[in-house]
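2 protein chains.
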Amino acid sequence: MIIVTGSVVAKAGMVETLMRECLAHTRRSRTEAGCVSHAVHIDAENPDRLVFFEEWQDMPALMTHFKVPASGAFVATVRTMAAEPPAMTIYDAKPVTPGG
Amino acid sequence: MIIVTGSVVAKAGMVETLMRECLAHTRRSRTEAGCVSHAVHIDAENPDRLVFFEEWQDMPALMTHFKVPASGAFVATVRTMAAEPPAMTIYDAKPVTPGG
Numbered sequence: 005m006i007i008v009t010g011s012v013v014a015k016a017g018m019v020e021t022l023m024r025e026c027l028a029h030t031r032r033s034r035t036e037a038g039c040v041s042h043a044v045h046i047d048a049e050n051p052d053r054l055v056f057f058e059e060w061q062d063m064p065a066l067m068t069h070f071k072v073p074a075s076g077a078f079v080a081t082v083r084t085m086a087a088e089p090p091a092m093t094i095y096d097a098k099p100v101t102p103g104g
Numbered sequence: 005m006i007i008v009t010g011s012v013v014a015k016a017g018m019v020e021t022l023m024r025e026c027l028a029h030t031r032r033s034r035t036e037a038g039c040v041s042h043a044v045h046i047d048a049e050n051p052d053r054l055v056f057f058e059e060w061q062d063m064p065a066l067m068t069h070f071k072v073p074a075s076g077a078f079v080a081t082v083r084t085m086a087a088e089p090p091a092m093t094i095y096d097a098k099p100v101t102p103g104g
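Residue numbers (this note's numbering), protein chains in the order written: chain A, 5 to 104; chain B, 5 to 104.
Simulated from the structure, these hints should not be mistaken for lab results.
Backbone N, C-alpha and C fix where the C-beta goes; we use that ideal spot for every residue, glycine too.
Do not rely on the hints blindly, as some may be mistaken.
Unchecked claim - Derived DSS-like pairs: lysine-lysine, alpha-carbon spacing no greater than 27 Å straight-line: (1) B/98 to A/71; (2) A/98 to A/71; (3) B/98 to B/71; (4) A/98 to B/98; (5) B/71 to A/98.
Unchecked claim - From chain B, some residues computed to sit far from chain A (all C-beta separations above 12 Å): (6) 16; (7) 17; (8) 30; (9) 31; (10) 38; (11) 41; (12) 55; (13) 73; (14) 80; (15) 83; (16) 84; (17) 93.
Start from the sequences and build out the full structure, keeping to the hints where you can.
Here is the structure:
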């Protein structure tokens, strides 16, 4: 499984507009093949910081997601509203039991 | 690296109190050995749902964290404020580059 975490800090006064874009992206992404989960959150310590948590079936599914035109348009839009460059980390991940 | 995700839905009217407990837990956890990151967020689609994202150096560090008395007290407190049993998933994870 692939996990993606990402975050973007909104420019002053832009977080509501940014959130609308992020929610639309999340809801669109959930319909794509290989998307296990996709959600956006508000950092409890910074209301201007929106944080994504995504699970994808495998790397090819994520690569296909990145190539969807709406994903590219979303990234371009987000950059115009971001106070700093958005961050993203990708992990190759396997669910385990505590201690296991 | 170990990733932990968890979420808890607050009983009606309790999310502010729950958030105070969660933030205190996050800030305490960050000081523990092997904690790479620890943060709490508000689900953009459900303001009563608080979501944790944590990174730990390895499984022994996470097991030590679970045994800290304050962690156990936090879990017990959270259960009293939760509208449904809290969820948690643990992953053995390795950062990768896109496509890699």
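Results of checking the hints against the structure:
no. : hint         : result
1   : B/98 to A/71 : holds, 23 Å
2   : A/98 to A/71 : holds, 25 Å
3   : B/98 to B/71 : holds, 25 Å
4   : A/98 to B/98 : holds, 9 Å
5   : B/71 to A/98 : holds, 23 Å
6   : 16           : holds, 19 Å
7   : 17           : holds, 18 Å
8   : 30           : violated, 8 Å
9   : 31           : violated, 9 Å
10  : 38           : holds, 14 Å
11  : 41           : violated, 10 Å
12  : 55           : violated, 5 Å
13  : 73           : holds, 17 Å
14  : 80           : holds, 17 Å
15  : 83           : holds, 17 Å
16  : 84           : holds, 20 Å
17  : 93           : violated, 6 Å
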